[in-house]
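Trainee: Residue strings, one per chain:
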Amino acid sequence: MKKKYYFYILLLFISLSLQSAEQNWKALSKDGLHDPESPAIGFLQEPSEALSLLPPDYVGNKVSWIRALREQYIEPRTNILPETDIEVLDMDIIMERTGELPMVLFPHKPHTEWLDCNNCHDEIFIKKVDANPVNMFAILSGEYCGRCHGAVAFPLTECNRCHSVIRSTFTGKPGVQPERADRKIKK
Amino acid sequence: MLINSINFLIRIKKFFMLLIMLTAGISSDVLAEYADVVLNRIADKNDIRPVIFPHWFHRIRFRCKVCHGELGFIMRAGANEMDMGKIIDGQYCGTCHNDNIAWGVENCDLCHSGKPGLKTGIRGSNQTGGPGQW
Numbered sequence: 001m002k003k004k005y006y007f008y009i010l011l012l013f014i015s016l017s018l019q020s021a022e023q024n025w026k027a028l029s030k031d032g033l034h035d036p037e038s039p040a041i042g043f044l045q046e047p048s049e050a051l052s053l054l055p056p057d058y059v060g061n062k063v064s065w066i067r068a069l070r071e072q073y074i075e076p077r078t079n080i081l082p083e084t085d086i087e088v089l090d091m092d093i094i095m096e097r098t099g100e101l102p103m104v105l106f107p108h109k110p111h112t113e114w115l116d117c118n119n120c121h122d123e124i125f126i127k128k129v130d131a132n133p134v135n136m137f138a139i140l141s142g143e144y145c146g147r148c149h150g151a152v153a154f155p156l157t158e159c160n161r162c163h164s165v166i167r168s169t170f171t172g173k174p175g176v177q178p179e180r181a182d183r184k185i186k187k
Numbered sequence: 001m002l003i004n005s006i007n008f009l010i011r012i013k014k015f016f017m018l019l020i021m022l023t024a025g026i027s028s029d030v031l032a033e034y035a036d037v038v039l040n041r042i043a044d045k046n047d048i049r050p051v052i053f054p055h056w057f058h059r060i061r062f063r064c065k066v067c068h069g070e071l072g073f074i075m076r077a078g079a080n081e082m083d084m085g086k087i088i089d090g091q092y093c094g095t096c097h098n099d100n101i102a103w104g105v106e107n108c109d110l111c112h113s114g115k116p117g118l119k120t121g122i123r124g125s126n127q128t129g130g131p132g133q134w
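Listed in order, the protein sequences are those of chains U and Y. Just so you know, we're using this note's numbering here: the first sequence kicks off at 1 and counts up by one. Just so you know, we're using this note's numbering here: the second sequence kicks off at 1 and counts up by one.
Some clues are possibly wrong.
When the alpha-carbon atoms are kept at most 25 Å apart in a straight line, the in silico DMTMM-like pairs for lysine to aspartate or glutamate are as follows [stated by the list, open to error]:
#1 U:K127 <-> Y:D83
#2 Y:K115 <-> U:D35
#3 Y:K119 <-> U:E37
#4 Y:K115 <-> U:E46
#5 U:K109 <-> Y:E70
#6 Y:K115 <-> U:D57
Calculated directly from the structure, the hints in this document are not laboratory data. Given the structure is predicted, the values throughout are model-derived calculations rather than measurements.
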């Protein structure tokens, strides 16, 4: 009698494990976008083939793109035109007006490793601390940080990745940090 | 202890059945790779499949700043008014898709590979389907 229920439990585990394998990266022909009859299927690289080799994350593409770049799993080109200036800025900003939530630490470094200054400044953000009326409603509507986060960078379900500075244990001043704050906090 | 918990599981048998069905249901809901972009401003009208642009594939090879800086792509799905004329002229996708850096424009089907009738926009599981304009 009881064996029957072991069977149900087993079935549940099988269904969950099959799912997690499939959920990480859908095959192009089953992703709901590609036409399974398109000649491209079979020619285009499957996401699982490339992404399964990169450092894992549990959201988005299931890849930690920051680690993939830092640890040189990938070496994406910085420019195509030889005359383009490549700037990487190592400057942390702590935004304190976050209500009840921990303060937001914005690290320029990982952003400028991928993006150019002009991608955000001055069209999306003015280059001045506290001068941008950033709020979660606007972000969820695809403005400010929401231009990328929730679309191509890690999703907006990951509150703590931005809201990472706990007021009670932070001893410095919000705003531009004299040294990289994420290094200081991790100690 | 073990027997007790098994007895409990027996009692919630129906719940298990439901859970199995639900999890199976959820897995079939997951669509597209995170940040895939559908471009269908003019494709359907011209009787060709819409374009599926995979961010994941491109960012392995290029940083964001290449396309969103040097090539001038606005960071808003559907906001870039490219067409095949401009691409053949070497603008937008045509900067690389010229048989030099990447496959050329004669490989229509490799980019135009989407299901007909898809709406322009950025996709990718449940995480990009927020309340906003994405």
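Trainee: Just pull the numbers of the violated hints for me, sorted ascending.
Mentor: 1, 6
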